[in-house]
Structures are given as C-alpha cells and as structure tokens.
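From first to last, the protein sequence lines stand for chains A and B. The numbers in the working numbering rise by one with no breaks, and the one at position 72 of the first sequence is 72. Every position in the second sequence, counted from 1, becomes a number in the working numbering once 1000 is added.
Hints are all accurate, no fakes.
Partial chain B-side listing against chain A, Cβ under 7 Å, derived: (1) Leu-1097; (2) Arg-1383; (3) Glu-1412.
If you are wondering where the hints come from, they were derived from the structure by calculation, not from laboratory data. The model shown is predicted, which means the values in this text are computed figures rather than measured ones. Here a beta-carbon is modelled for each residue, glycine too, at the ideal position from N, C-alpha and C.
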Amino acid sequence: MQFPAAAKPPVGVVFDSGMARIDDVLALAMLHGFDGKDQARIAAVSISSGDLRAAQFCDVVNHFYASATTGPAAMFMHFTPIGLADAKPGAKPAAESAMFAKAAEGAAIKNFNDTADPATLIRNALTAQYDQNAAVVLSGPATDLARLLDMYGAKDWIVRKVRLLCLTETGMQADAAAAAKVLADWPTPAVTVGREIGEALPFPGGSIARDFAYASDHPIAEAYRASQAMPYDAPSWAMAAMLYAVHPGDGYFKVSGSAQRGSLVFDREQKERIIKAYIEMASAKPVPRKPRRPPEDKDKDKKNEKKDEKKPDAAK
Amino acid sequence: MITKKSLPRRTFLRGMGTAVALPFLDAMTPAFAATTRAKPPVRMAFVYVPNGIIMDGWNPDYEGTLGALPRILKPLEPYRQDITLFGNLTHNTGRALLDGAGDHGRCCASYLTGVQPRKTVIDIKAGVSFDQIVANQVGKQTRFPSLELGMEDARQAGDCDSGYSCAYTNNLAWKSETQPLPPVLDPRALFERLFGNGMALTPAARARENLYRRSILDFVTDDTRKLETGLGPTDRRKLDEYLSSIREIERQIERAEKDNAQIDPHMEKPYGIPADFAEHFKLMADMMTVAFQADLTRVITFLVTHEGTSRPYREIDIPDGHHPLTHHRNQPDLIEKVTQINSYHVRQFAAWIAKMRSIPEGDGTLLDNCMIVYGAGLSDGNRHLHEDLPTLIAGRGGSHFKSGRRIVYRKETPMCNLYLAMMDRMGVHVEHFGDSTGRLDTLDLT
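Looking at chain A on its own, in the form it has when it is part of the complex:
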C-alpha cells in the first residue's frame, strides 16, 4: 500500500467477492490485467465466503502476476494481505471449491491468521487512495461492506475516497440483511449489475486454451478447467462490474436509474467490444513492476554518516 507521492494514479479498486464462481476468478484476473496496464491499481482483494482455499488461490494469483518482476524491484515487492471473512459460528464450513484444489500447495497463506479481516483491510486500503479515486466492486454477499459501514470512522473514508460502488445482483441474497444495509446506507453512487447482464455476456471458454497458453500453469486457466467440465462459457456478472468500475465513461454500458442508485443496461452493440475487453484483460501477461524504495533514503544515509563523523561522541 505504499508508493511515492506522484501524479494522481489510475483508480484504486477494492474487490470484495464470494470467490465462489469462475466469474469471480476471471474478474480477479481482469483486475490484475488492468493493474499491469496501469488502467487501475489493486487496492484490496477480499473474500466474503470464509473459504481459506479461496484466499490461498488469490495469493497464488498475486504471486503469478508478480513473477515477471525480478531483481531489486522483486526484493521490495510488497503483497497486500488477502481479506477473508470469519465463518459464522456454527455455519457449515465454506465449500472448498474444486476450482482451488491446487491453491494450497503454492500459497504463502497457511492459516486464517495469514489473512486479514476484510473490513479492516478495506478501510486501510481506502486511506491510501487519492480522494474520489477508488472504486469498490462487490460480487457476492455484502457482509464485508456492511461491516465496513459499521466500523468507526470508515464511512468518512468511503465518502472521501470512493467514487463508485459496483455490485452484482447475483450472490447478494446470501446475506439479505447486509444487502439491505449496503443498498440503503452506502454513501456514494452505486450501480447494480443485474442477472441478465452476466448471462448476456458469457466469457468464451475457448479463450482459455488460446489466450492463457503463455503459461503452462496459469492459475486462472487451471481454475477455469477445474470449475466444471470443459468446454463451457461462463456468465460474467463480476467481470461486467469490474469493467464498468474501471471504465465507467467508456461506453461499455449505459446506466438507468438515479445518480446515486443505478443499474447497468446491456447495449447489444457493445457485446463484441465487451467480450474483447474481458479476454484482453483477463489473459494479460504479468508485467514487471518498478522498484518502490524511496530514493531519498540513500541520500539521507550519506548525510547521517557525515554527521556522525563530525560528532565523536555519537560513536560511543
């Protein structure tokens, strides 16, 4: 969450999802794609399902996209923790999706304490964003965001930092109370992705063999294949939300409703363009990152060393 003060960067995206459908996985891949192309930055990724395997998977994905960064930049690479909701007491353990079967092997996350409380993680992530330069994408139950709204002082951060909440209709009903709270109390404009949108814009399964082949162990492709019997196309609610959150003004979708509460409207003429954007971003290759250590430190060390040379007692 650190970067040198500079010109306003692209939008910082908070992605909170159930990570329960392949659509969520593809949206995560898109977010990494946007990040690599400097069209967005990953502010926080959190999971509302309580599935440790899903958190491990997100961690593996983080490392996959970081793999292009080598040398000093890799040394100073810093991974923001993955948020993972507490499983409710007495609740059935979150299903360990077949999508993430391989995740535990390579993940740095080994147990629950290796993850963060989603509400705290999101609050902290927002504090690091420029004003009105963050977007929140919600796919799945609104439990984490409802908790965020209840957190002391967090609403002020939301108002100050977030320009848009983009949420999917599907999956929200798993926590009806949280959904009602977020829809009523969220203080920024919010746009809902209806069921029909995701169904009208399926991600083409054929892309997996074609566009993800640059890495033999691509975690997104592996999850796609493990999710259900190939070949299949996947509905794209979370992907649509992600695309709109990053590029709201680029004409991919129209919006109906009020300025504060709207719904995405599918424009058939944009279908091809949208699917192309899905594929391009979800299959984007990892990009090397620049080092993040502030250069000022080197100068400061030299100054301090000189200062100590002048003060003989400082050596004592």
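Go by the hints and put chain B onto chain A.
Chain B alone, transformed into the frame defined by chain A:
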C-alpha cells in the same frame, strides 16, 4: 508523618532539597484490611527501538506457549513465562498513505499516537499519544504523570526524514497534537527530577554538592531512622535494598561523570551520560525501576535511540551506522550485523526485566504489576514495513495477562487495539483510539 499504624502510600523521606518516595511496603496495607491486602497499582512502559528488526530472528515459528526463543529474543528466554509475544499488529498510519518517503518519521510519530503525522518540518502535527491519555487520568495519583526518557540526542527541529521534522523521529510521547514531550537523556537530570524537591539546583549548589560528594540519602537520614523503627523485618529489608539501589544509581552517575571528564572535557553530552551504551541503558533502567517501585509515576516511554538513527555500535564491534545497515538488500553480512544490534538491545532489556522480576511487590513481583512493551515502529527495516510489528509485553498488567505465550492475530490488526486493551488495564476506558477497530482479545487469564 510516620506512625506505627498504616503507612500512607505517599510517604516521602525528606531532607534538604530532597524527597525520596518509598516502595510499596507491607506497612502501607491498612491494619483493618488484613484480609484484603492493598493491591499495587498497574504501571506501563514503552521501550522503543528504531529501524525495525530482523524478523527472522524475532518471530518464533510457532504460536501458543513460549518455548525456545529465536536468536534476537534469546536473552529473554529465562523470563519467557513473564512475556507475551504478539504477531501481526499493524500501524497503518505509519504507512505512506500518499505522503511518499519518510517511513522513519511517520512510524515513530504514529507509534503511540495512532495517527498519521503531518509531513512538515515546521508546523508539526500528530495526535495525543495514548500514554498521555493514561497519564492524564492516572497521573494525578503520582508525583509525575509520566516520564519520557531516551538515550540519544533529541533535536526537535530540522528535517530528520525526507521532509519530516526531527520532532517526529525523536519523540514518542505527545501531550497535544502539536506538543511532543522530549525525552530526558541525562541520568543526572533524571535523578534530580526523581529525588529532588522540585527545585532545580543552581550551578553553585550543584558544584557544592559535587565537591562534598554527598548522597541524597545523607540528607534523609533522620527520616529514614524514624521510619525504620516502625517497620517489620521484611519491610526493613525491602527499604534497605531500595535505598541501596538508589545509592548504586548515584554511584553509577558519579562514575560516568568522572569518566567523561577524563575522556573528553569538551564533550557536548551532559557529563552524566555514560559513554558506554549498556551502562547508560542500565542507569536509565535502574531509575525506571525505582520510579515504578516508589510509584513516582505509572507511565514511562523510553526511546532507546531515535528513529532513523545512524549510530554505530562499536561496543559490539560494529562501526557501521545502524540505519544504513538495515537497508541490507538481503546481504547476509549486513543482516548479521543488524541481528547483532537487535540482540544487543534485547540483552539490555532482558537485564532490566530480570531486575523488575527480582523485586517482590504485593503477592508477586514488581514486573507482575507492569506492562512493559518492547517494540519498534517498523518490522522489516529494509523494506520499511509497518505490519507484523515486533511487539512484546513483559509483565502481567496486575496479574491480568496470561503471559508466556505467542499470540498471532490476523493481518492488519491495528496496534491501537492493543492500546485499548492496555488502557482498560490501566483503569482508563476509551471507546476508540487512533485507527482501532476494537480491543485485542484473548489476552487475559480467563
């Protein structure tokens, strides 16, 4: 006034220019309350070390009951039953949060305040530190609401870190959002503050005192004799040990002054500051012990060296500056040197803990009634990380804490959650502090 009945907690041995507070004695328990023995107060201290820690040498690879400790913490192994080690505590407000470079300035200024300091070298602004919130409430019961100590020059002006004022790197305690409390570095000044009658000695008076090399205990002989006649054998022994420890502190200061005069009569440091790091630490630790023992204060902050310091450690054959070393870029020889510095600091701390636990108080020890936090505002100094901050508490906070454990919380758990839990044990109830999200749980015996 000294009587054979219950001795007031606030009894002083007085003499010319001197007021020596007493440790907690059995005689201070009211006779009619024999079955409900008076409970010693809970005290808290913060010992802050700069530039982060080599975390591989700090974090055990297990949770729960403390067993063998990693290399840096090894000196504390004999006292592991008295220690609670925390994992994953985070200071988000120490991070850049759009303010760019300056992690050393930010991490120190946010450490006890829980807020992001304003990036400036002129109009400084942070927040009231939590030790001062506690001091404002419990400090009314002691001679000093709080004590702020340090061991390295504490410039208050100028740029100490990429646009952050030296006031940020050189202070831990903040009385208001614009007023840091600079630490006292000179053991002599601290000693006079603890045992003087509140009036500063004039240079002439100090010279006279030095000439005759009189101990403050000489001035309180009459009061001491009167008090001793009313005490039982246990209390008498306790008092004797306590006064001996004060005398020993005096001797150490005198020795440092004498040595310094011989080493370099023109040195900038006050003469009372020992040239040797370990000796200086011990003196400050001894005075913190006495201050807690005599209930002179219940709140102490101790900035061992200031954040971002480039102090070399020739005492342990490390002539390189501390801060440059911490940017080791994973070079094993540099990591080794930083590890040695980290271990050296912990060794001094462990010696203090040994002393605190050797002093009986109430039904336990002085340490039992304390919460002494040892930690840093950065974990990995190479990468300037503000999460999983190296943090431990020595003591049981008045027999509240179930110590002897390592507790790992979830990532991003605010350090301020620990502060809220500590405030509770100090009898100060605050709903929110800094960026807290709740109270740290699972600390207590129950």
